[in-house]
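Visitor: Residues per chain, in single letters:
4 protein chains.
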Amino acid sequence: MATHRFRPTRYFNTIGTAEPCLRLADGDTLITDTIDASGLDAHEVAVASRPNPMTGPFFIEGAEPGDTLAVRIERLTPSRATGWTYSPLAPTVLDPPAFAAQPARERHVWEIDSPAGVVRLQQPAPGLEGFAPAIEPMIGCFGVAPAGGQALSTATSAQNGGNMDYRLFAPGTTAWFPVSVPGALFYLGDGHACQGDGEIVGTGIETSFEMQVSFQVLKRTIAWPRGETAEDIFTVGNARPLDQALQHATTEMVRWLGEDYGLDARSASHLLGQVVRYDVGNVFNPAFTVACRVAKKWLTKG
Amino acid sequence: MATHRFRPTRYFNTIGTAEPCLRLADGDTLITDTIDASGLDAHEVAVASRPNPMTGPFFIEGAEPGDTLAVRIERLTPSRATGWTYSPLAPTVLDPPAFAAQPARERHVWEIDSPAGVVRLQQPAPGLEGFAPAIEPMIGCFGVAPAGGQALSTATSAQNGGNMDYRLFAPGTTAWFPVSVPGALFYLGDGHACQGDGEIVGTGIETSFEMQVSFQVLKRTIAWPRGETAEDIFTVGNARPLDQALQHATTEMVRWLGEDYGLDARSASHLLGQVVRYDVGNVFNPAFTVACRVAKKWLTKG
Amino acid sequence: MATHRFRPTRYFNTIGTAEPCLRLADGDTLITDTIDASGLDAHEVAVASRPNPMTGPFFIEGAEPGDTLAVRIERLTPSRATGWTYSPLAPTVLDPPAFAAQPARERHVWEIDSPAGVVRLQQPAPGLEGFAPAIEPMIGCFGVAPAGGQALSTATSAQNGGNMDYRLFAPGTTAWFPVSVPGALFYLGDGHACQGDGEIVGTGIETSFEMQVSFQVLKRTIAWPRGETAEDIFTVGNARPLDQALQHATTEMVRWLGEDYGLDARSASHLLGQVVRYDVGNVFNPAFTVACRVAKKWLTKG
Amino acid sequence: MATHRFRPTRYFNTIGTAEPCLRLADGDTLITDTIDASGLDAHEVAVASRPNPMTGPFFIEGAEPGDTLAVRIERLTPSRATGWTYSPLAPTVLDPPAFAAQPARERHVWEIDSPAGVVRLQQPAPGLEGFAPAIEPMIGCFGVAPAGGQALSTATSAQNGGNMDYRLFAPGTTAWFPVSVPGALFYLGDGHACQGDGEIVGTGIETSFEMQVSFQVLKRTIAWPRGETAEDIFTVGNARPLDQALQHATTEMVRWLGEDYGLDARSASHLLGQVVRYDVGNVFNPAFTVACRVAKKWLTKG
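Just so you know, the protein sequences line up as chains A, B, C and D, in that order. For the first sequence, position 217 matches number 217 in this note's numbering, and the numbering has no gaps at all. For the second sequence, position 94 matches number 1094 in this note's numbering, and the numbering has no gaps at all. For the third sequence, position 154 matches number 2154 in this note's numbering, and the numbering has no gaps at all. For the fourth sequence, position 301 matches number 3301 in this note's numbering, and the numbering has no gaps at all.
Extracted from the complex, chain A is given alone in its bound form (with noise of 0.2 Å):
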């Protein structure tokens, strides 16, 4: 159980089956640094490039191919005092003639003002005057190697996890990830310390992070990641469209109440039917993500 701090010096586009850069037991914490989706550091100098280049791989002693990753996300600290956003909206999420007719793309830089708790735009915007909502730090992109030798961009995601730009993959979140090699190899970068539903400016608030997680080896094979917070499970599909997603991660949601609480394929659908709530993560990257979440009050382990 002992903890590891890590100091990046190189960095992956793909999540696939490099080197690993370090070997942590079962059990082990890891503290290391991640850099912005465009290669800031938190010197905000550019050390690798775009697209959100990862940290890792991180070798997971006893995870093999069929287990599963479990990933607690105990602390996300923003290594620097702002983060930037693209505008305007992105044309996944707008009717083609309002895309259209949208200003051409720029660069936006937000303060953190971590003291106070909240993210600000550097420059005022019309209407926006006291617009600060608050620090709410996120990992973008994260998982493990894919299976069948696949490296993927890290633009994209899919069942391996990857860039899931899902905002509750927050401080207090566990994250399982299916392990497709030995070592399960774990990638982490491309935090935000801010984002709403579908990441639809194409970017959360873009930083570099000081983050810190905590691995466990699970003896059992999920399909797609995911996920428990403080008062809910939840399950990932990644795919286009969002209706797709969708029913990847329903499915795997029917599979998890099935295996761990004890719901047959009718009980799980009274259930969902009336409690289910989804999320939608992204709606901007080549795969988009939907999540299917249920309140943990209506669970009774099976």
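Note that these hints are calculated values from the structure, not bench results. Honestly, I wouldn't trust all of these hints.
Part of the chain B face toward chain D, derived, beta carbon under 10 Å [what the hints assert, rightly or not]: (1) A1090; (2) P1091; (3) L1094; (4) P1096; (5) P1097; (6) F1099; (7) A1100; (8) A1101; (9) H1108; (10) D1232; (11) P1241; (12) D1243.
Straight-line distance between alpha carbons at most 30 Å, and here's what the computed DSS-like set of lysine-lysine pairs gives [claimed, not checked]: (13) K296/A - K1219/B; (14) K297/A - K1301/B; (15) K2296/C - K3297/D; (16) K1301/B - K296/A; (17) K1296/B - K1219/B; (18) K3219/D - K2297/C.
Each residue gets a CB set at the ideal place from its N, CA and C atoms; glycine is no exception.
The hints should help you fit chains B, C and D onto chain A, whose structure is shown.
Guide: Chains B, C and D in isolation, oriented as in the chain A frame:
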């Protein structure tokens, strides 16, 4: 500002331009009865046919094409002690092989325990012995006459509203609809005692209701339904796939933020990028429904 | 087996259950006039409004709900010497940034040179100086009253036909429609002198026509439009996205192969797997159209 | 302009940046062996694993990032006398209830009768006693290393090609791929003796081949695969849903018409609006494939 108590004797399976059943003044309140999605009334007598037989249409004096009809949902009281759902999950929410493995469709009865404020399955289901979510009544299908002389099935939805099955169409919400004909011609029905996101078993808990709503004619033009709750404003898009419904809703929200809150395209993107929420109204009907929602605490009337 | 010459004086922008303009017997032939998509008649006089004003409805005696109306397209003769199109390409067929970079929408006039059998742009376009594709007339929008008392905009299409904009609805083709009301109530219009796959500029070459069709009532039930040409049989699905339209069309073809050609699910899959052709009718209208087509040379009446 | 005869001894299930198996000069011809989608060679011996094991990669001298690799398909000769397919139809092409009613998936063997030039089911299927479509060989999966260090499963396709399963990738066609790494790194395999549109049983008639192709490096940049046959030029988009694949293909065609044929946005729309053809390559794989095709008779080199 009169209150009208209307008892329907005929019902409609399309939202179109039928002869009005009642004329109300701008500002009036309506108390009326609705029957369930299959045509059962408060006595569980079949008085109309599927799908979603509507009470109405109500002619609202002063409503002209190009106006907006604001409908405040004041009270939704179930008028019988049971409702029903389908199981298992709908084909639209499962991966095809998972859907193919589901059991056959069945109808299930729920008790609506109004004193306790909860619903319960009449026949216990394995693993759900104590499952009793709160009664959270909502209107599944309501809206106004569509443009161009159309008459649209109450199975589906469009710019004029219809079968959106969105759980925030609930008491305390004011819904806005774009008026296309003199008097607007408002229809309502298909009440649910409870429903999760997406209406993923193909129903909420379907039952008959006494519904109380009040009307206000706004001399402004909208393109898609809008709504306001105590905490949020939201816009609604109805289409397939979910992506397109989301595009309609987001585009309508951008218009609203410009019209009422002084936000240009960039400011709207800054706001929505950090705080937008997307809700899946339904992912079952011929048109899917997505709502784009923003907390009012972020907004200042422009 | 009479031939009727009908001159319309009113037109419809929905396909619904309007009062019939003419009653014909099973087996009769109809010669009538249609106006263009914007309401211009043979003299380029605006006699009706958009979208796609229809001639009809025609009551076919003996057609009952559950039957099929077979409509043989015998002749489509342009009734004026010009037609029009839009440019540039529609937003539905371009990547969003490419659409945003297109010039503004314009209307362009084409000469319909019937003696030469070709169409030509009236104003030459750069690089298209000699471009003169053959006149290949087709019906853009036709169909029968939909089920359940609906009246559907002639901008869209559904199980009852409508604005499918499929270029094989051409002389020599027999189209089948599912009958939902007594007399079927057949509407037609929106003729095109020429059109590629997908109607990707949002129009064919829109012009007025004299159309000749003959009717036959079939005592059999279908779910989606079907058609037969000299060489092929085809089925038509109308929905968004294209995937769903293709699913409707393929499902209907599997039914047809079972009903008439003795092919079970496996045999149908063997046949279609090797010889099926898919055509994109339109990828522009609210509902997209995909046809599933099989050459008759592969088929033996079962 | 040498001709190389290469006999593979290892195969790849991703298209990435593996060590080249052979280096060829610009202009050279390659004759090589490919095994079937499940890894069976000319002797029906399993020599590799699913999905779609590839022969290659071939390093083409002179090919640099930003170039285009033109691959002329000169000859595709089945190297054994049988192939196989699946039945019934895939879930992606049927309405969900129709898919749920299909029989279980089976593997079926076809005789490849090269002297007669036809394929035939080994076990007759009801109603298909005389069914013997022509051998029309095609390449299911081929392409070059993708950008950014990715390694993509041969189950899917992307801008670099891959598992497109488009029946016009046949003898006489020249396919163009965008080069992302020095030497292009070309892979090929997954030959089909025959296949309809869409690969709707999830396979063509899968068999091993001797394939002959020749290479040419073009100093021009493309974004998506392109092709040329005796009669047509075409562009290929790979994505889900079909709508997005069609958008990629059409956008690439508009670029091509501008680059080589002097057509601006309006002229391209006039041409495509009247004569474009869309083909569904596959509607089965993780990415669907749509081709946008134009007959060369309409084109004049600009």
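Visitor: Are there hints from earlier that the structure breaks, and if so, what are their numbers?
Guide: 9, 10, 13, 14, 16 and 18
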